[in-house]
Amino acid sequence: MVTKGTAAKKAAPRKTAAKAAPRKAAAASARSKAKSEASSGQPGKVGPVRRTFAPWNDPAAKPFILYENITKRFGDFVAVDDLTLGIYEREFFSLLGPSGCGKTTLLRMLAGFETPTEGRILLDGQDISTVPPYRRPVNMMFQSYALFPHMSVADNIAFGLKQDKMPKGEIADRVDEMLKLVKLEPFKTRKPHQLSGGQRQRVALARSIAKRPKVLLLDEPLGALDKKLREQTQFELTDLQQQLGLTFLIVTHDQEEAMTVSDRIAVMNQGNIIQVSTPAEMYEYPNSRYVADFIGDINLIEGTIASVSRGKVTVETADAGKLVVNQDLKADKGQKAWIAIRPEKVRIALKKPAARTDNVMSGEVWDIGYLGDVSTYHVKLPAGSTVKALQTNATRLIERPITWEDQAWLSFSPDGAVVLLS
Amino acid sequence: MAQHQDRNGRRLVIAVPYLWLLVFFLVPFLIVLKISFSQIAVAMPPYTPTFSLGEGWNGLVAAFKELSFDNYIWLTEDDLYIRSYLSSLWIAFVSTVITLLVGYPVAYGMARAPSHWRATLLMLVILPFWTSFLIRVYAWIGILKPEGLLTVVLQTIGILSPDEQVRVLNTTTAVYIGIVYSYLPFMVLPLYSALEKLDGSLLEAAEDLGCHPLKAFWVITFPLSLPGVIAGCFLVFIPAVGEFVIPDLLGGSETLMIGKTLWAEFFSNRDWPVSSAVAVILLLVLILPIVLFQRAQQRAQEREAG
Numbered sequence: 022m023v024t025k026g027t028a029a030k031k032a033a034p035r036k037t038a039a040k041a042a043p044r045k046a047a048a049a050s051a052r053s054k055a056k057s058e059a060s061s062g063q064p065g066k067v068g069p070v071r072r073t074f075a076p077w078n079d080p081a082a083k084p085f086i087l088y089e090n091i092t093k094r095f096g097d098f099v100a101v102d103d104l105t106l107g108i109y110e111r112e113f114f115s116l117l118g119p120s121g122c123g124k125t126t127l128l129r130m131l132a133g134f135e136t137p138t139e140g141r142i143l144l145d146g147q148d149i150s151t152v153p154p155y156r157r158p159v160n161m162m163f164q165s166y167a168l169f170p171h172m173s174v175a176d177n178i179a180f181g182l183k184q185d186k187m188p189k190g191e192i193a194d195r196v197d198e199m200l201k202l203v204k205l206e207p208f209k210t211r212k213p214h215q216l217s218g219g220q221r222q223r224v225a226l227a228r229s230i231a232k233r234p235k236v237l238l239l240d241e242p243l244g245a246l247d248k249k250l251r252e253q254t255q256f257e258l259t260d261l262q263q264q265l266g267l268t269f270l271i272v273t274h275d276q277e278e279a280m281t282v283s284d285r286i287a288v289m290n291q292g293n294i295i296q297v298s299t300p301a302e303m304y305e306y307p308n309s310r311y312v313a314d315f316i317g318d319i320n321l322i323e324g325t326i327a328s329v330s331r332g333k334v335t336v337e338t339a340d341a342g343k344l345v346v347n348q349d350l351k352a353d354k355g356q357k358a359w360i361a362i363r364p365e366k367v368r369i370a371l372k373k374p375a376a377r378t379d380n381v382m383s384g385e386v387w388d389i390g391y392l393g394d395v396s397t398y399h400v401k402l403p404a405g406s407t408v409k410a411l412q413t414n415a416t417r418l419i420e421r422p423i424t425w426e427d428q429a430w431l432s433f434s435p436d437g438a439v440v441l442l443s
Numbered sequence: 329m330a331q332h333q334d335r336n337g338r339r340l341v342i343a344v345p346y347l348w349l350l351v352f353f354l355v356p357f358l359i360v361l362k363i364s365f366s367q368i369a370v371a372m373p374p375y376t377p378t379f380s381l382g383e384g385w386n387g388l389v390a391a392f393k394e395l396s397f398d399n400y401i402w403l404t405e406d407d408l409y410i411r412s413y414l415s416s417l418w419i420a421f422v423s424t425v426i427t428l429l430v431g432y433p434v435a436y437g438m439a440r441a442p443s444h445w446r447a448t449l450l451m452l453v454i455l456p457f458w459t460s461f462l463i464r465v466y467a468w469i470g471i472l473k474p475e476g477l478l479t480v481v482l483q484t485i486g487i488l489s490p491d492e493q494v495r496v497l498n499t500t501t502a503v504y505i506g507i508v509y510s511y512l513p514f515m516v517l518p519l520y521s522a523l524e525k526l527d528g529s530l531l532e533a534a535e536d537l538g539c540h541p542l543k544a545f546w547v548i549t550f551p552l553s554l555p556g557v558i559a560g561c562f563l564v565f566i567p568a569v570g571e572f573v574i575p576d577l578l579g580g581s582e583t584l585m586i587g588k589t590l591w592a593e594f595f596s597n598r599d600w601p602v603s604s605a606v607a608v609i610l611l612l613v614l615i616l617p618i619v620l621f622q623r624a625q626q627r628a629q630e631r632e633a634g
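If you read the protein sequences in the order shown, they are chains A and B. Residue 192 in the working numbering is what sits at position 171 of the first sequence, and the numbering runs on without skipping anything. Residue 520 in the working numbering is what sits at position 192 of the second sequence, and the numbering runs on without skipping anything.
To be clear, the hints were calculated from the coordinates, so they are not data collected in a lab. Keep in mind it's a predicted model, so treat the numbers as computed, not measured. Note that beta-carbon positions come from the ideal geometry of N, C-alpha and C, so glycine has one too. Be aware that a few hints might be false.
[Said to hold, decoys possible] One side only, chain B facing chain A, incomplete, derived with CB under 8 Å:
{"id": "1", "residue": "ASP407"}
{"id": "2", "residue": "THR448"}
{"id": "3", "residue": "ASP536"}
{"id": "4", "residue": "LEU537"}
{"id": "5", "residue": "GLY538"}
{"id": "6", "residue": "ILE548"}
{"id": "7", "residue": "LEU552"}
{"id": "8", "residue": "PRO555"}
Generate coordinates for the entire structure from the input sequences, incorporating the hints supplied.
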């Protein structure tokens with residue numbers, strides 16, 4: 022989508038290895054069978070994408086945006102509950118959560134449309150809690166796009182520049198540049214109602230970045246687009262963000278979208294942040310059942326801690342006896358725990374795997390979901406719970422396909438699962 | 329067969345408003361038009377010729393030959409009529425502007441009110457219609473007359489000394505007050521419906537892009553409410569031009585309005601033909617700008633669509 026580095030003043034490409042194509046791989050990892058080589062506690066090696074941009078691991082780095090003990094109440098309703106969050110410069114940060122979790126409120130507080138009930142918001146070290154929206158160096162792309170219906174595409178994009186009293190010639194140049202960036206040159210004089218949904222989305226994007234804000238806020242920016250267009254636009258967004266060197270803060274309820282575009286994700290629930298981490302860490306090491314369940318698909322097998330040693334946890338389950346996970350965990354024997362294992366990390370076979378002695382379960386194939394590229398097998402264990410196994414359909418012909426009511430063997434590596442205590 | 333019935337059904341539905349307009353607008357208008365070409369006579373009805381089928385075809389032709397433009401020529405010869413028209417247009421124009429200035433904040437406030445309040449506010453705007461228009465105008469006499477409510481209030485709060493009285497009744501000011509009061513709902517309702525539709529996120533977007541909220545009103549809210557402004561202005565201006573009751577009851581002898589002139593011609597002079605001519609001209613004066621405006625708007629819409 023973008024051809025030239027236009028506005029990137031600090032245009033040092035930070036993810037040299039992670040241009041569009043590897044990012045695609047990151048998205049696909051949600052479904053691939055790629056296994057994490059990382060052992061627990063070493064998040065640097067988690068997931069298939071190597072990142073060089075990680076200021077959050079640098080204790081000297083100062084957050085560019087800092088929410089400090091922010092609480093927001095609407096009457097009796099607590100939308101945001103004593104929340105602290107730092108976002109770094111040039112980061113692509115996602116706020117992910119179900120509707121009503123407070124993510125949009127958090128975004129709107131940064132834009133200035135809501136004032137925090139308690140706490141303060143720092144932008145580049147300065148408290149902006151009392152600065153009115155029209156003086157904040159942040160711009161927002163609205164979920165409804167909020168294009169001015171009585172203005173042409175060009176006038177919409179020029180609106181913010183005119184407010185800054187920019188000279189006319191410069192405005193015209195900038196508008197042309199923005200139109201080129203979002204590939205809407207032929208639609209310059211059109212009115213918003215003469216555009217398709219995708220084109221409107223681009224106008225809204227162009228308008229919100231025309232002023233080159235320090236931070237771009239995106240409120241469910243792709244929610245109104247169909248799936249194909251949404252996927253395409255996700256990559257365009259990440260390219261644009263790198264090229265312009267802006268800090269992006271995006272609100273979404275779509276976990277796939279968050280995984281694809283973000284450097285880091287914050288999963289929220291009921292006004293609290295449950296976990297903040299990179300997409301791969303979030304996926305491979307969720308810190309709770311809530312996050313595990315929210316991001317992707319996961320099997321949760323309930324049990325109690327049988328033994329804990331250095332780098333190894335054994336959990337006693339009703340469904341599959343003792344299961345072993347390689348993980349450093351502080352837990353007491355007998356404590357309630359859940360083994361969380363992604364379906365693509367569960368192997369399914371008709372014969373008992375000979376090589377493996379740990380983590381083998383047997384059950385009846387209950388349901389099969391054939392999606393073309395992959396198949397999901399729902400296997401019912403003797404104690405009643407169902408475990409899903411995902412298999413890539415790498416070959417066309419299979420000697421002995423698995424079918425309903427087959428007795429199947431499930432197994433997983435001790436590296437592939439996590440033990441969750443909450 | 330079904331399609332055929334469908335088409336007939338559609339024709340019937342369209343026919344109803346046309347028939348209504350034909351019977352209650354076009355036919356009366358043609359009668360007035362015909363009278364405007366007639367001559368005054370001491371008779372019943374007070375003009376000639378009258379068409380009657382009793383005298384056969386030749387009688388009809390003779391009657392047609394008697395029709396003339398004399399009344400219209402008469403209207404141009406006496407400057408009373410021209411002055412009445414101009415004065416009516418001016419009073420209607422000023423009243424419309426004042427109504428807009430008063431109505432806009434009212435409509436804006438209503439549209440911005442919490443949604444559970446809006447129905448009540450809307451009700452309050454419509455409430456005066458439950459009392460007769462005539463009674464409400466009479467009520468204003470009670471307020472505006474020298475010893476009326478307005479004087480009492482102003483004396484009580486000390487703006488007027490006890491021996492002073494307001495001199496508003498029977499002046500053009502009273503006419504303005506009457507028109508603005510009576511037609512305010514017609515301005516508020518279309519404005520409200522335009523402002524209520526306004527997407528609040530547009531104003532947020534404007535503010536987000538660095539626009540002060542006050543300026544955002546002028547560059548976003550006002551332009552987007554223009555359809556309401558135009559509709560409201562037409563709804564006030566057109567009936568105000570022909571207004572008779574308000575200038576008659578509240579206005580003085582110096583208040584010249586075409587409605588009053590028309591009434592005087594019709595009832596005091598019993599000159600039906602001249603008053604009919606006045607009415608026809610009034611209709612043309614009002615219809616022409618509306619037609620031109622609608623055409624311009626249609627063209628603008630077509631341009632936008634294409």
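To see whether the hints hold, each was checked on the structure:
Evaluation of the ASP407/B hint against chain A yields a violated restraint, the C-beta minimum of about 44 Å exceeding 8 Å. Interface restraint check for THR448/B: the shortest CB-CB distance to chain A comes to about 22 Å, outside 8 Å, so the restraint is violated. At about 5 Å, the closest approach between the beta carbon of ASP536/B and any beta carbon in chain A falls short of 8 Å, and the interface hint on this residue holds. Interface hint status for LEU537/B: upheld, as the beta-carbon distance to the closest one in chain A is roughly 3 Å, under 8 Å.
Taken as an interface hint, GLY538/B checks out: its beta carbon lies about 4 Å from the nearest beta carbon of chain A, inside 8 Å. Checking ILE548/B against chain A: minimum C-beta separation of about 6 Å stays under 8 Å; hint holds. Here the hint on LEU552/B is kept, as its CB sits about 6 Å from the closest CB of chain A, short of 8 Å. Because the beta carbon of PRO555/B sits about 11 Å from the nearest beta carbon in chain A, more than 8 Å, this interface hint is broken.
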